[in-house]
Amino acid sequence: MEPETRTLVGGTHHAAQSTAELLRQLVSHLRQNRTQLREEWARRITEAKLLTAMTKEEIFAEATSVYDNYVEALETGTFEALQAYARGLSERIIPRGVETDEVIGIVLLLRDVLARSLFAKYQNDFALLNRILDAYEPAANRIANTVAVGFVQERERVIREQQEAIRVLSTPVLQVRERLLILPIIGVIDPQRARQLTEQLLRGIRTNRAKVVVIDITGVPVMDANVANHLVQTVEATRLLGATVIITGLSPEIAQTLVTIGVDLGKMNTVGDLQGGIEEAERLLGYRVIPSGETTEHLRT
Amino acid sequence: MPVDDERKSVTDTPVESGPAPVEGRDKVVEEAKVEIRSDLDIIVARQKGRALAAALEFSPSELTLVATAISELARNIVQYAKRGDILLRWIERGGLRGIMVRACDRGPGIEDIQRVLQGGYSTSRSLGLGLSGVRRLMDEFEIDSKVGWGTQVTVRKWVKR
Amino acid sequence: MEVPILKQGPYLIASIQSALGDNDLVQLRDSLVEQVGRQRSKGVIVDVTALDVMDSFATRTIRDITYMIRLRGAETVIVGIQPDVAFTMVQLGLKLEGVPTALDLEEGIAFLNRKVSTTGKETNARGR
Numbered sequence: 080m081e082p083e084t085r086t087l088v089g090g091t092h093h094a095a096q097s098t099a100e101l102l103r104q105l106v107s108h109l110r111q112n113r114t115q116l117r118e119e120w121a122r123r124i125t126e127a128k129l130l131t132a133m134t135k136e137e138i139f140a141e142a143t144s145v146y147d148n149y150v151e152a153l154e155t156g157t158f159e160a161l162q163a164y165a166r167g168l169s170e171r172i173i174p175r176g177v178e179t180d181e182v183i184g185i186v187l188l189l190r191d192v193l194a195r196s197l198f199a200k201y202q203n204d205f206a207l208l209n210r211i212l213d214a215y216e217p218a219a220n221r222i223a224n225t226v227a228v229g230f231v232q233e234r235e236r237v238i239r240e241q242q243e244a245i246r247v248l249s250t251p252v253l254q255v256r257e258r259l260l261i262l263p264i265i266g267v268i269d270p271q272r273a274r275q276l277t278e279q280l281l282r283g284i285r286t287n288r289a290k291v292v293v294i295d296i297t298g299v300p301v302m303d304a305n306v307a308n309h310l311v312q313t314v315e316a317t318r319l320l321g322a323t324v325i326i327t328g329l330s331p332e333i334a335q336t337l338v339t340i341g342v343d344l345g346k347m348n349t350v351g352d353l354q355g356g357i358e359e360a361e362r363l364l365g366y367r368v369i370p371s372g373e374t375t376e377h378l379r380t
Numbered sequence: 004m005p006v007d008d009e010r011k012s013v014t015d016t017p018v019e020s021g022p023a024p025v026e027g028r029d030k031v032v033e034e035a036k037v038e039i040r041s042d043l044d045i046i047v048a049r050q051k052g053r054a055l056a057a058a059l060e061f062s063p064s065e066l067t068l069v070a071t072a073i074s075e076l077a078r079n080i081v082q083y084a085k086r087g088d089i090l091l092r093w094i095e096r097g098g099l100r101g102i103m104v105r106a107c108d109r110g111p112g113i114e115d116i117q118r119v120l121q122g123g124y125s126t127s128r129s130l131g132l133g134l135s136g137v138r139r140l141m142d143e144f145e146i147d148s149k150v151g152w153g154t155q156v157t158v159r160k161w162v163k164r
Numbered sequence: 006m007e008v009p010i011l012k013q014g015p016y017l018i019a020s021i022q023s024a025l026g027d028n029d030l031v032q033l034r035d036s037l038v039e040q041v042g043r044q045r046s047k048g049v050i051v052d053v054t055a056l057d058v059m060d061s062f063a064t065r066t067i068r069d070i071t072y073m074i075r076l077r078g079a080e081t082v083i084v085g086i087q088p089d090v091a092f093t094m095v096q097l098g099l100k101l102e103g104v105p106t107a108l109d110l111e112e113g114i115a116f117l118n119r120k121v122s123t124t125g126k127e128t129n130a131r132g133r
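Residue numbers (the working numbering), protein chains in the order written: chain A, 80 to 380; chain B, 4 to 164; chain C, 6 to 133.
So here's chain A without its partners, still in its complex pose (with noise of 0.2 Å):
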């Protein structure tokens, strides 16, 4: 589209502008207008009561870096910068406690400072401001929506961590004899995290050398198909390793959905709590049993 600027006297009448022409209008005059610009916006953060995590000087720092983003993205139209910054930024100021809505508020604002000043310089000439509106309106969507998705997937993938390092902390695999561990299970168990407890209780029995694995689900309300598949995948993999798996703490109900999988439970080695299973264990592994309360000792079998 050729641009086909003709003035006449008045000023009111111009042909069609190109967009790209009129956006240079409109970038040179938010460069020209920085200073004041980016105060102003600064300001109605704090009014607006947004940012409260950072102090003054520091939003101050960050909109300036945002505002030159801004017009940046508006000038060249790509936005892979403004991406890589809103991650940079996004990463900075979330371990601050800075939340989503304040990321969006503060975007939207400075969307509504640069119309207002729009508005103001094109105030006698209707026509051209409509124009510069409309070329100015896509692309400033584009960067609310780009800094925004930016803020929310740092934000998800800072959430993901910290889950993954709870889910870590929370189910250990331990060692209470030698060649024998113990995996109490606890809470409900989503797909990803029966994969970790497997992995981490595979590489347990490598690295202890266990012979016999007790797995206590006493903790566990609920079990679907899914989850019993994996366990039976658990107990099977743990057998390839030359580890004997005893399961406890089976309730009648999920004892009901992994026959209703096919599971055939009289193959699995159950025992009825934690308790008799690592008894049961020790008696697998060849130590002598001392039940508490009795003094009948039970001889190596």
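The set of hints was computed from the structure by calculation and includes no laboratory data. Among the clues, some could well be false.
[Unchecked claim] Simulated pairs of lysine-lysine, DSS-like, Cα-Cα distance not exceeding 27 Å:
{"hint": "1", "chain 1": "A", "residue 1": "K346", "chain 2": "C", "residue 2": "K120"}
{"hint": "2", "chain 1": "B", "residue 1": "K149", "chain 2": "B", "residue 2": "K36"}
{"hint": "3", "chain 1": "A", "residue 1": "K346", "chain 2": "C", "residue 2": "K100"}
{"hint": "4", "chain 1": "B", "residue 1": "K149", "chain 2": "B", "residue 2": "K163"}
Guided by the hints, dock chains B and C onto chain A, whose structure is given.
Below, chains B and C alone, put in the same frame as chain A:
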């Protein structure tokens, strides 16, 4: 690639895996093709697959999954079609990155795809051995096959962020 | 690529060094069966520690090895299956049913010792 109505195909994408697969929408960052003619090529294909998966930063256990799936696909080629090839690709889609493996051959084709896919794994020497297993290991699984023309199996696995 | 087979007392030990092609696996199977007869071995240990992938063919062949050697009156035990490999196998549905497994060489020898000295008695072996 069979194009007429007689082609039988199955495509499935679990709902959780994200955007629907559309050929051409995935960005290809890198690719390598391995010709499969003998059992030794099976090893080449799976080692190259493992290397690509490692570059993509899959977890150690996922590397084994990928290598094993490739081994099964390549083995099917050797066993039933005598020759074919395995295409390995680093792909990206909407913020996800992953590996695509496509096994192509001009072998006899599979008559009853549904039956093959339904079967739990069995160690008998039936056709399509291991395909249902491969489907379980991967995030996306597509198969096109026509008797007398050949078979193409495409699988994808995404790196969990 | 030939897999070295070592004799250790009444047992044979085959340590797989790296990725084995199908033909090599079949050759290993035949060698073991032959050696068991020739050496009159009581047991065979196949160490798969170095195998990074156990696919359907490898699984089938290992089961063949176990059954064929049993026909010769000896017992086989597979040792060294890696955690990732074991996990993949069960997800793929590959079962080593009827094949005894142990963690490593030491456990494998212990298993064979028990099996050989207590023939017919139930032990905590993996072969059901």
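Verification of the hints:
Distance check on the hinted pair: K346 of chain A and K120 of chain C sit about 21 Å apart at the alpha-carbon level, within 27 Å; holds. Restraint check for K149 of chain B and K36 of chain B: the C-alpha separation of about 23 Å stays at or below 27 Å, so the hint holds. The suggested pairing of K346 of chain A with K100 of chain C holds, with an alpha-carbon distance near 15 Å, which does not exceed 27 Å. For the proposed pair K149 of chain B and K163 of chain B, the alpha carbon gap of about 34 Å is over 27 Å, so the pair is violated.
Consistency with the previously given hints fails for number 4 only.
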